[in-house]
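Colleague: Based on the provided sequences and hints, a complete structural model is requested.
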Amino acid sequence: MTEADLHRGLDGFESLLQEKASELVTVLEGGDLNSALTIINDLQQVKHLAFYNEVGYLTRGLHEAIKSFSDDVKVQGETNDEQDDSIQGMADASERLGYVIELTEKTSHETMDRVDKSLALVDKMDEQSGRFADLLSMVGQLEAEFEGLRGGYDRTCQLKKESEQTVKDLRAELTEILVAQSYQDITGQLIRRVITLVTQVESSLVQLMDMAAKVERISGLSVEKPASNTNQKAKKDPIEAEGPQLAGKNDPDVACDQDDVDDLLSSLGF
Amino acid sequence: MKKDIKILVVDDFSTMRRIIKNLLRDLGFNNVIEADDGKTALPILQQGGVQFLVTDWNMPGMTGIDLVRAVRADPKLAGMPILMVTAEAKREQIIAAAQAGVNGYVIKPFTAAVLKEKIDKIFQRIGS
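Protein chains in written order, with my numbering: chain U, 10 to 279; chain D, 184 to 311.
Rather than coming from a laboratory, the hints here were simulated on the basis of the structure. Because the structure is a prediction, the values reported are computed rather than measured. A couple of the hints might just be wrong.
Short, incomplete list of chain D residues facing chain U, as computed with Cβ under 10 Å [as the list claims (entries may be wrong)]:
#, residue
1, D239
2, Q276
3, P292
4, D303
5, I305
6, Q307
Within a straight-line C-alpha distance of at most 27 Å, the following computed DSS-like cross-link-like pairs (lysine-lysine) qualify [unchecked claim]:
#, chain 1, residue 1, chain 2, residue 2
7, U, K126, D, K259
8, D, K222, D, K204
9, U, K115, D, K259
10, D, K299, D, K185
11, D, K259, D, K186
12, U, K115, D, K204
13, D, K204, U, K133
14, D, K273, D, K185
15, U, K133, D, K299
16, U, K170, U, K76
17, U, K177, D, K186
18, D, K304, D, K273
19, D, K299, D, K186
20, D, K204, D, K259
21, U, K126, D, K299
22, U, K170, U, K126
23, D, K273, D, K299
24, D, K189, D, K299
25, D, K204, U, K177
26, U, K126, D, K186
27, D, K259, D, K222
28, U, K29, U, K56
29, U, K126, U, K76
30, U, K177, D, K185
31, D, K186, D, K204
32, U, K126, U, K169
33, D, K189, D, K273
34, D, K186, D, K273
35, D, K273, D, K259
36, D, K299, U, K177
37, D, K185, D, K204
38, U, K76, U, K133
39, U, K115, D, K222
40, D, K186, U, K133
Built from N, CA and C at the ideal position, the CB exists for glycine as well.
Modeller: Okay, structure coming up:
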């Protein structure tokens with residue numbers, strides 16, 4: 010067996026096997042059992058080496074792929090000093106998403122603070138309207154005495170009524186602004202699911218890198234620091250909380266709006 | 184309908200708790216307390232005094248559906264009216280919630296009118 014034979018790789022193994030098979034038949038026919046066993050051992054050795062090399066290349070490729078993927082996830086302009094920090098990019102992605110939830114929560118509360126203040130102003134307008142009514146009755150009394158005030162009472166009453174309706178409409182609009190802040194809950198739940206997913210992908214990658222490092226050590230290609238792994242897959246519960254459904258998903262198992270929910274429950278007698 | 188009853192609103196998002204609290208205030212209910220998941224809500228309920236429970240489903244710690252089941256399993260709390268306000272919208276989930284014993288189910292996002300209607304309906308049933 011030559012040195013070149015040892016490094017043929019998996020592709021060359023088949024042709025080597027064919028060559029050696031005929032050689033094996035020849036030596037066996039010649040009654041040389043020792044040589045036959047040597048040939049078999051050599052073949053075994055070539056097979057193992059080829060296998061190890063292939064696995065080694067595979068894991069190295071995997072490692073590189075994970076690294077470049079993590080670098081892609083990483084936002085540009087960040088320091089990239091440690092190679093083994095490649096997974097860090099994914100953790101950063103989770104952190105950023107977490108920050109989005111935090112930020113929208115803060116902003117929603119600020120909006121609601123303003124709504125509360127505006128509602129207090131609306132209450133004040135209501136109270137002013139009450140005082141206005143007192144003044145108006147005075148105008149009503151004077152109307153009889155002064156020709157120039159004629160019709161003024163009715164017109165002012167009409168204006169007061171309109172203004173009260175405006176205040177009422179304004180209150181309703183402010184309430185809608187308040188309710189609209191529920192987007193923060195909906196988007197927050199969706200983002201949390203993405204964070205969970207990223208975390209799972211991250212821990213799977215850590216596991217793969219760990220595996221790759223072990224294989225690389227065994228195959229003697231290069232040595233990588235092993236990483237810790239923490240991954241557990243939960244069983245799927247059919248009514249497990251899923252968070253907001255995506256609009257336009259059109260799943261018949263999903264109720265689209267409140268009417269669907271009401272129909273479903275009343276059809277079941279609830 | 185007595186407006187001074189104590190209401191517990193359970194949701195892990197402070198935004199949503201505040202929205203529901205404000206809408207309840209519009210309806211005249213001013214005695215509203217909050218909890219951020221089932222785990223913190225349950226001891227508050229067990230202390231007594233709460234007469235109406237509004238809960239989300241998807242929460243860390245203890246989910247809303249587990250909270251509903253725990254409430255229904257507790258002889259002292261079993262009769263409490265419960266409104267579930269959640270983004271969970273699968274048919275199986277809605278059915279499971281109804282079977283667990285919720286008195287109303289509102290999906291997020293909701294309008295002020297829908298929430299008010301469901302709350303009114305629950306109190307009407309209790310009153311009758």
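Colleague: Let me make sure I understand: some of the numbered hints might not hold for this structure. Which ones are they, in numerical order?
Modeller: When the structure is compared with the hints, numbers 4, 5, 6, 7, 9, 14, 16, 29, 33, 34, 35 and 38 turn out to be violated.
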